[in-house]
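Residue numbers (our numbering), protein chains in the order written: chain A, 6 to 372; chain B, 6 to 372; chain C, 6 to 372; chain D, 6 to 372.
The set of hints was computed from the structure by calculation and includes no laboratory data.
Part of the chain A face toward chain D, derived, beta carbon under 8 Å:
no. : residue
1   : 81
2   : 83
3   : 119
In this text, a Cβ means the ideal position worked out from N, Cα and C, and glycines have one as well.
Protein chains: 4
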Amino acid sequence: MSSSFGKLFTITTWGESHGPAIGVVVDGCPPRLPLSAEEIQVELDRRRPGQSDIVTPRKEDDKVQILSGVFEGHTTGTPISMLVPNADQRPGAYSEMKDAFRPSHADFAYQSKYGIRDHRGGGRSSARETVGRVAAGAIAKKILALGTPAKPVVIRAFVTRIHDISVPESSLAELPTLSEIEANAVRCPHAETASRMIERIKQVRSEGDSVGGVIECRVHGLPAGLGEPVFDRLHADLGKAMLSLPAVKGFELGSGFAGTFLRGSEHNDLFEMRDGVVHTTTNRSGGIQGGISNGEDVVIRVAFKPTATILRPQKTVDIHGQETELMGKGRHDPCVLPRAVPIVEAMAALVLVDHWMRQRSQCEFRF
Amino acid sequence: MSSSFGKLFTITTWGESHGPAIGVVVDGCPPRLPLSAEEIQVELDRRRPGQSDIVTPRKEDDKVQILSGVFEGHTTGTPISMLVPNADQRPGAYSEMKDAFRPSHADFAYQSKYGIRDHRGGGRSSARETVGRVAAGAIAKKILALGTPAKPVVIRAFVTRIHDISVPESSLAELPTLSEIEANAVRCPHAETASRMIERIKQVRSEGDSVGGVIECRVHGLPAGLGEPVFDRLHADLGKAMLSLPAVKGFELGSGFAGTFLRGSEHNDLFEMRDGVVHTTTNRSGGIQGGISNGEDVVIRVAFKPTATILRPQKTVDIHGQETELMGKGRHDPCVLPRAVPIVEAMAALVLVDHWMRQRSQCEFRF
Amino acid sequence: MSSSFGKLFTITTWGESHGPAIGVVVDGCPPRLPLSAEEIQVELDRRRPGQSDIVTPRKEDDKVQILSGVFEGHTTGTPISMLVPNADQRPGAYSEMKDAFRPSHADFAYQSKYGIRDHRGGGRSSARETVGRVAAGAIAKKILALGTPAKPVVIRAFVTRIHDISVPESSLAELPTLSEIEANAVRCPHAETASRMIERIKQVRSEGDSVGGVIECRVHGLPAGLGEPVFDRLHADLGKAMLSLPAVKGFELGSGFAGTFLRGSEHNDLFEMRDGVVHTTTNRSGGIQGGISNGEDVVIRVAFKPTATILRPQKTVDIHGQETELMGKGRHDPCVLPRAVPIVEAMAALVLVDHWMRQRSQCEFRF
Amino acid sequence: MSSSFGKLFTITTWGESHGPAIGVVVDGCPPRLPLSAEEIQVELDRRRPGQSDIVTPRKEDDKVQILSGVFEGHTTGTPISMLVPNADQRPGAYSEMKDAFRPSHADFAYQSKYGIRDHRGGGRSSARETVGRVAAGAIAKKILALGTPAKPVVIRAFVTRIHDISVPESSLAELPTLSEIEANAVRCPHAETASRMIERIKQVRSEGDSVGGVIECRVHGLPAGLGEPVFDRLHADLGKAMLSLPAVKGFELGSGFAGTFLRGSEHNDLFEMRDGVVHTTTNRSGGIQGGISNGEDVVIRVAFKPTATILRPQKTVDIHGQETELMGKGRHDPCVLPRAVPIVEAMAALVLVDHWMRQRSQCEFRF
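Whole structure, please, built from the sequences with the hints as guidance.
Set out below in structure tokens:
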């Protein structure tokens, strides 16, 4: 079950980077939801290779097929199986990875665990696995947009830092619009900063190097009451979702690590009434208190390390225990964050739909 | 199942802060493990109130009873039920919390979710719930110490920062010993820093205020191969475990957020042979690659916010939607970190035993 | 997790026959349900020893304590921990079971699996474990009675056969009332048959022997739509629930094994309209089609073997591999069915509430 | 998760009868198992339509493709995705099922639950869904054959009754061989009885009618110690597995319902030593005691109702609440048992591998 995620809205991903295809099964989707392959494709196009000049130039159309669970344009409540063929397979391109362990990749760990691995392009550990997550997340996003009693739930992720280039905090007072985010290749809603980020990425790529950074994700319109203490706190499940993504090294909610430099009297969010609704005057809690949403915007941040593959020679060890040197080659992302934005959104959507279904199942009984 | 954690070594905690008792059921414990209540008690004593002059002076013995699953001093493989009576109940002391929502506490969120809540001392959202986790974690720690084929797995958590007072990084080159950590009330292995931390905690307490900080946890001796990609990556489950603790706002693995300021060429951990074993020259990966342990020390850090309860008047809203003011009182921790150290260790141990059992179940077949 | 049951309404039982106590944790109970220990006790009193002259004369009050999850007479949505002290412990009474394996009991299998066992009274394999199930089932029954939008769901189990003494089929055309069932010690709603059953049980007991039989359980008022194909079909989960009870050897739905002697043209349930509602003219489907309730009464039957403990010498083997003879003694039920009736009801209720919550979580979205 | 089965060796099936394809994802398979599509195909060929003159003449090759999880002829420990295209789609052939509910089928129940259904050929409720189970079961059978420390575990299912034609009990003293079972179209190991069964099936088919019967399944070579009390008893999980199959109405273990006519003194299995190993002199326990295998052959029986589709007019109701008549047509199995034999074996194998992995994870620690 380690390739399944979600308790009620459950996805199971499968596939290796260079196998014939990659895919996902979504189990537990509510019935009667209007759904087409085109809607899924929109999100896949946001993550696919070759979409701009700062990501990998690999050629993958990533065209999704829906094989089950949708009938006459609506979900039926049965499992939705989606498949994306792997078009750009160049098995030969990875022969150097067959024996030598790439530094800071999963090769050695997989070999240690399983005693065998599909080395081609990283096999199962490749970020290509996230294709299935994004396809499933597209369904979750649609449920959040349509299925609420009140207003649509909007999930918006965006890049706030690349290497040491950060957006000015003041520019994020308002929730960025989708068009602001999609306006540039790096998916940073602050245009001027985005230009500098893009320049930096191109520069490190030209040096055969890579960079990382931080993605922020906000959820607007979420009703209070989602989250399942004590273990399945909403941010604990969001954290697990994000930490299960390749290259992620850290996660924080609301004030996060920075909040630990404040005193309680500076950090607490006071309650007040606004338009007849309980609100907090500040949002250091990040929209979640005690593991349950409180109606404010959910605010989380995810740290992505610099891409492990660099086009430079690096010392390493091979499968026979011999020290050797490995020269990275191929067509890699010098920075994973631009393409990770839709993946972060997908994971957030999956967690929220799952918790929404859990909340309904337990708490809406009337006695 | 939101009060259960772990897939194979599963704990289920129950109990409210001011109910008659609090407890845990551990299901899936390997049989034939020598186990006594005294061993559990050692860990509970590390988390109990009143243990020093910088924690809450509440009087709780926290004496554990084992009600099942242990026979003639050994586990039998059946569920181990443990119970701790709540001794120091003062229901009257919390009457002001009945109607008004405490700022940055879970009161409002619980009320929104369930439409009812046990307000006494925070009820289920109280950190008192972690008593069960620590009791269960004591068993997990013993399994890790005894059950390995090779050497004992050692888990060691300690405070690295309180407010803005940090241990010097150089002082953490070696894994701190238990006695270094337990040598002072704040559980920081660097004595000089510990003194300053304690002073700071006393000072903010005298001002009716509170502080937070960071706990680091290291795991030494863990074999390579633990962790279950793609979703149950070892650090994803560790992250969820920590984020499910009260007051936690952030989690990071290895280089964490700081690592995003490095380039790939600076960040990558190169492989080398040492004593016939594959090792990395550095450990920015934090002992986990691709979600699987690689044999290096696991290194994680957890951010705890300043205690939400402060002994000052704060604006808030009551259950009837009226704005009001609430004056914190009672006997609270001005800083949760000293008592959180054994809790972090417990959660880490629970995750590791669970993953160890999962690894055995799948990967040790011989064909 | 093998001591947990249910996906959303989850119970975890713990305890051995001769430990200090036995209990259960119920996680996922809807909040705001009125609940008292007295209501739980009513069901426990139906299963407790010593209630009539055809069951074991052991003295157990089985007084339940609620330790969490209930506040001011209502459930709070947090785990409900219930505990029943084991009063009548006579460890010495079981010394002969320490080494010798009782025929057709679980002794040998437990020893083979765990390499250790609590032999006292069967330890964890004792039917005393069902105390927790009945306590949890009492809550589930109350939810079914109160929580429906339309009418209460009524669960009624009763004995239809003891040894070769069966109730006349015609007498079961109507759903038996609770008072008809509780009118006699054997819990058979047909008074004349009940007398003969009681006589048979007394007779075999006087011969140091035992008998088994069949319990039928019907659920009336269940709405159509409960059940989760393809694996969690409603009758598959009911079957697992019943087969997890001690002494159960068979399970059937509706026409069951007898239905296999019919042709399709004889067996099919035709649909018709009655009072504006779709009904079937017959109910060989047992109220479930394709794993989903269809609105007719659910009808299941459970086969219980003759009690394994008999007061006669039997050949067996001891823990050292020596053949020996074991003489059953102690205070045992010569027939488990009378006390199993409330247990069967409890398990059915647990499955139904769980499936009801699952149905709500997925299928009640409006797009 | 209702389309997933198994805790550690987990399968997730997807697909509708008349969608583009049908498939399964197997998660948790041990790595390094030699595996080819041809081995899977052998089992699929045993269940496919058109294999003999007593089953449906539909033309389906049921050619399986392995899309992931196998590399250079060995499993890698990652999810194994298998897909079978649906070749013989005739959507028009089912137009009469669009509105009218077929008696004793799942149509009405699905419509009640989901408010929508794929009516073509029964959609998700079609027995075609079992293609994925058989493909996954083929892997489980191979693990059982190769993976044991001692001897191969052999699973053998066969038809013991069709309608009222039973095999003589004496003929089943020995475990039937695979060639005895596969020697005839009905998969009954007693040749003379098989002939009469085949004749009966042909006769009822010629009358537009259908029949059911009983399949027995035995497991030989299973070590003692598999099964997870209290809820995941080995036979409880076997029972759930079988009851989750289309058309199954009953399940029994060992002596089953018949055993309830015996007294304890007649029913108990006495222990004895044979060749230095603990055995029982009889096997009314069916190889499982207290929910744990005891080393004897596991013996279970499954009741299949007569096929619901018959080629006769039947009264029913349509989706608009109008009474109507439906005339079955198409190419259906007049008796599902011959093709259900490999499905029963597959489900048994899946349960056993899952429990074997669970047993290893918990009970093989040495302290």
